[in-house]
Amino acid sequence: MREISFQKALDEAVAEEMRRDPRIIVMATDFTGDPVKEFGPARVRFTPISEAVLTGMGLGAAGCGFRPIVNWRMVTFSFVAMDQIVNQASKIRYMFGGQADFPVTYRCTTGGGIGLAAQHSQSPYSMWMHLAGLKIILPSTPADAKGLLKSAIRDNNPVVSFECSRLATVTGPVPDGDHLVPIGVAEVKRAGTDVTIVGLAYYVQEALAVAEELVREGISIEVVDPRTLVPMDADTVRASVRKTGRVVIVDEAPATCSAASEISALLVEDPDTFRVLKAPVRRVCAVPVPVPYSPPLERAALPNRDDIKTAVYAVLKDSLRPV
Amino acid sequence: MALDKAQLAQMLRTMILIREFDELAIQLRVAGKIYGAVHPYVGQEAVAVGVCSNFKVSDRVTSTHRGHGHCIAKGADIRRMMAELFGRVDGYCKGKGGSMHIADFAVGMLGANGIVGGGLPIACGAALAAQLEGKGDVTVCFFGDGAAAEGEFHEALNIASVWKLPIVFVCENNQYAANNAVAVQHPRVDIAAHAGAYQIPGVVADGNDVLEVYAAAGDAVARARRGEGPSLLEGKTYRWHFHAMRATPPPETRPSDEIASWKARDPIARLEQHALGAGALSAAEMSAIRERVKADLDDAVAFAEASPFPDPKDLLVDMFAE
Numbered sequence: 001m002r003e004i005s006f007q008k009a010l011d012e013a014v015a016e017e018m019r020r021d022p023r024i025i026v027m028a029t030d031f032t033g034d035p036v037k038e039f040g041p042a043r044v045r046f047t048p049i050s051e052a053v054l055t056g057m058g059l060g061a062a063g064c065g066f067r068p069i070v071n072w073r074m075v076t077f078s079f080v081a082m083d084q085i086v087n088q089a090s091k092i093r094y095m096f097g098g099q100a101d102f103p104v105t106y107r108c109t110t111g112g113g114i115g116l117a118a119q120h121s122q123s124p125y126s127m128w129m130h131l132a133g134l135k136i137i138l139p140s141t142p143a144d145a146k147g148l149l150k151s152a153i154r155d156n157n158p159v160v161s162f163e164c165s166r167l168a169t170v171t172g173p174v175p176d177g178d179h180l181v182p183i184g185v186a187e188v189k190r191a192g193t194d195v196t197i198v199g200l201a202y203y204v205q206e207a208l209a210v211a212e213e214l215v216r217e218g219i220s221i222e223v224v225d226p227r228t229l230v231p232m233d234a235d236t237v238r239a240s241v242r243k244t245g246r247v248v249i250v251d252e253a254p255a256t257c258s259a260a261s262e263i264s265a266l267l268v269e270d271p272d273t274f275r276v277l278k279a280p281v282r283r284v285c286a287v288p289v290p291v292p293y294s295p296p297l298e299r300a301a302l303p304n305r306d307d308i309k310t311a312v313y314a315v316l317k318d319s320l321r322p323v
Numbered sequence: 001m002a003l004d005k006a007q008l009a010q011m012l013r014t015m016i017l018i019r020e021f022d023e024l025a026i027q028l029r030v031a032g033k034i035y036g037a038v039h040p041y042v043g044q045e046a047v048a049v050g051v052c053s054n055f056k057v058s059d060r061v062t063s064t065h066r067g068h069g070h071c072i073a074k075g076a077d078i079r080r081m082m083a084e085l086f087g088r089v090d091g092y093c094k095g096k097g098g099s100m101h102i103a104d105f106a107v108g109m110l111g112a113n114g115i116v117g118g119g120l121p122i123a124c125g126a127a128l129a130a131q132l133e134g135k136g137d138v139t140v141c142f143f144g145d146g147a148a149a150e151g152e153f154h155e156a157l158n159i160a161s162v163w164k165l166p167i168v169f170v171c172e173n174n175q176y177a178a179n180n181a182v183a184v185q186h187p188r189v190d191i192a193a194h195a196g197a198y199q200i201p202g203v204v205a206d207g208n209d210v211l212e213v214y215a216a217a218g219d220a221v222a223r224a225r226r227g228e229g230p231s232l233l234e235g236k237t238y239r240w241h242f243h244a245m246r247a248t249p250p251p252e253t254r255p256s257d258e259i260a261s262w263k264a265r266d267p268i269a270r271l272e273q274h275a276l277g278a279g280a281l282s283a284a285e286m287s288a289i290r291e292r293v294k295a296d297l298d299d300a301v302a303f304a305e306a307s308p309f310p311d312p313k314d315l316l317v318d319m320f321a322e
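The listed protein sequences derive, respectively, from chains F and W. Residues in the first sequence are numbered from 1 upward in steps of one, following the numbering used here. Residues in the second sequence are numbered from 1 upward in steps of one, following the numbering used here.
Please note that a few of the clues may not be correct.
Straight line, CA to CA, 27 angstroms or less: simulated BS3-like cross-link-like pairs of lysine-lysine [as the list claims (entries may be wrong)]:
1) W:K294 to W:K5
2) W:K164 to F:K37
3) W:K135 to F:K37
4) F:K309 to F:K189
5) W:K263 to W:K313
6) F:K309 to F:K278
7) W:K313 to F:K91
8) W:K135 to W:K164
9) W:K33 to F:K91
10) W:K56 to W:K164
11) F:K189 to F:K91
If you want the footprint, here are the derived chain F segments under chain W, 3+ residues with CB under 8 angstroms [unchecked claim]:
12) 63-70
13) 86-95
14) 98-111
15) 270-278
Hints were generated in silico from the structure; no laboratory data involved. What you are looking at is a predicted structure, and each value in this text was computed from that prediction instead of being measured. Yeah, the Cβ is synthetic: ideal placement off N, Cα and C, and Gly gets one too.
Turn these sequences into a full structure, and let the hints steer you where they fit.
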């Protein structure tokens with residue numbers, strides 16, 4: 001299978017969908033490559049830096065039969081459009097009684113670790129999860145990035161695509177042809193028996209690396225990637241934890257009211273999962289601080305492999321029953 | 001563009017219907033028959049009717065928290081509007097939206113909006129859709145003087161001008177944003193003056209003169225249909241009642257002579273005088289219009305009261321499309 005970068009996979013997803021459906025239009029301040037050449041200036045719109053109006057235009061055009069893709073570029077710019085996201089996009093279908101669909105995709109990069117400092121290193125997906133009206137995808141591999149973004153573009157609802165900055169240049173195998181990954185389906189990225197690590201985005205890769213290292217210590221790790229945050233595939237995550245009895249949840253957002261917190265609650269609220277837990281749930285998240293610029297400080301703020309290992313050892317040590 | 005008798009009668013009927021619908025909504029809210037907030041449009045009827053009288057069904061509007069008038073002027077069914085205020089399943093939003101979220105996509109009414117300025121970006125998206133469709137349809141975005149202080153207003157005018165979107169921005173300057181007078185919020189009280197910065201036409205009309213609004217909006221709509229881009233039309237008007245009420249109407253805080261001077265320019269009375277003077281409508285015909293409006297509103301209330309409340313088991317219906 002050919003190997004391409006995460007970024008290339010995302011670009012392919014958009015181009016393939018635009019070829020498939022002439023109602024798709026894209027709006028952004030800039031684009032990778034030259035999509036105007038193939039799709040023309042009517043469908044590829046270079047925009048003013050006006051996140052609020054672009055976010056609302058996506059809704060308006062979607063409600064009138066088009067399928068817009070609005071690229072905020074970085075999630076942090078989307079905060080300028082909070083009214084349109086929070087008050088409009090997440091509620092518009094429901095509050096109008098379902099009389100129209102709003103097939104709009106909002107894209108943005110997310111996450112830290114590349115020296116962009118406090119504002120441009122955030123991972124605020126749990127803010128959007130809280131709204132109960134947006135679907136949210138958060139892929140960790142080039143194949144998932146392509147397949148999920150294509151599904152998002154075909155979805156008849158507002159979908160937010162969080163695209164991890166640290167993964168942009170990561171390469172991986174991507175199937176040829178019309179590769180789709182369904183929204184709302186988690187994937188076990190590595191099977192194991194002792195501890196489940198639920199990772200998000202970049203931290204799926206880190207969890208897999210830790211799992212490989214811990215083989216030498218005789219510890220068998222299962223790595224689960226939710227891939228979609230709304231709707232969350234709680235069944236797959238619970239099934240893994242029911243098998244291993246121990247779970248570490250890793251993400252680079254701070255733990256307070258985070259996706260990691262939500263996953264933790266979905267596990268312990270489920271009687272069948274709670275009953276077989278051998279140790280308390282552990283979260284490995286960012287320190288609750290604006291992400292600092294200087295590399296040693298940034299490294300200290302974000303989770304790393306040692307933090308993940310420490311948590312794995314802790315859930316093994318905390319266990320009511322030995323391994 | 002002289003209006004014929006049927007057009008004048010239609011305009012008058014719609015203006016009276018809007019006024020009586022909202023006067024009734026106030027009574028129903030006081031009586032506890034409807035819930036939440038009521039933002040009466042009374043006094044501003046000439047703006048919605050003057051603008052929407054230029055429309056085809058395929059043209060679209062976005063509205064505001066004070067949206068009943070826009071809904072009626074765009075052709076929404078008052079029975080389903082009333083059922084929505086009553087929170088019933090036959091309401092436009094099946095009781096999920098209420099007064100501030102009435103929409104009727106089938107007639108191009110893309111929704112009232114509880115957020116000041118919130119409809120401006122959505123309207124630009126509808127206008128982009130119309131531009132891409134290329135059928136000459138136009139979008140009108142209604143908003144108030146208060147929204148002109150929001151960032152979304154400026155983003156919307158800017159991109160609409162740059163992209164020559166087929167949209168008419170209609171500012172209903174009713175002199176108050178919530179309870180703050182327009183001069184307190186803006187260095188210039190002419191909102192239309194903002195048009196200059198975006199290189200689009202900016203026109204001030206007497207928002208209490210439906211014929212003047214109709215003509216001014218007609219020019220702007222025609223310009224948009226020709227593909228020449230957006231316009232900003234400001235209608236100077238006045239709301240006769242409070243900004244919003246919950247269980248009871250709040251006390252009046254505006255000067256009584258100011259209120260009286262605007263009521264002396266009642267847009268409905270002015271249209272009636274015009275129609276009488278032009279010999280287009282007789283007093284008897286106008287009386288018949290009022291009786292018909294009353295009967296229609298009685299029918300709407302009966303329809304709403306007969307409609308069931310939503311079943312709580314349907315709480316999650318309409319969350320996501322298939």
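Cross-check of the supplied hints:
Proposed proximity of K294 (chain W) and K5 (chain W) is supported: the alpha carbons are some 21 angstroms apart, at most 27 angstroms. Annotation: proposed proximity of K164 (chain W) to K37 (chain F) holds, straight-line Cα distance about 22 angstroms (limit 27 angstroms). Distance hint between K135 (chain W) and K37 (chain F) is fulfilled; the C-alpha atoms sit about 25 angstroms from each other, no more than 27 angstroms. Proposed proximity of K309 (chain F) and K189 (chain F) is supported: the alpha carbons are some 18 angstroms apart, at most 27 angstroms.
A distance of roughly 47 angstroms separates the Cα atoms of K263 (chain W) and K313 (chain W); the hinted pair therefore is violated under the 27 angstroms criterion. The suggested pairing of K309 (chain F) with K278 (chain F) holds, with an alpha-carbon distance near 18 angstroms, which does not exceed 27 angstroms. Proposed proximity of K313 (chain W) and K91 (chain F) is supported: the alpha carbons are some 19 angstroms apart, at most 27 angstroms. About 15 angstroms separates the Cα atoms of K135 (chain W) and K164 (chain W), which keeps this hinted pair within 27 angstroms; it holds.
For the hint linking K33 (chain W) to K91 (chain F), the alpha-carbon distance of about 25 angstroms falls within 27 angstroms, and the restraint holds. The suggested pairing of K56 (chain W) with K164 (chain W) holds, with an alpha-carbon distance near 20 angstroms, which does not exceed 27 angstroms. Only pairs whose Cα atoms come within 27 angstroms are accepted, and K189 (chain F) paired with K91 (chain F) is rejected, the gap being roughly 34 angstroms. Coverage of a stretch by a chain is defined here by at least three residues with a beta carbon nearer than 8 angstroms to that chain's beta carbons; for the stretch 63-70 of chain F and chain W the count is 5, and the condition holds.
Judged by the Cβ-Cβ criterion of 8 angstroms, the stretch 86-95 of chain F is covered by chain W as claimed, because 6 of its residues qualify and three suffice. Only when three residues or more bring their CB closer than 8 angstroms to a CB of chain W does the claim for the stretch 98-111 of chain F stand; here the count is 6, and the claim holds. With a cut-off of 8 angstroms between beta carbons, the stretch 270-278 of chain F has 0 residues touching chain W; three or more are needed, and the interface restraint is violated.
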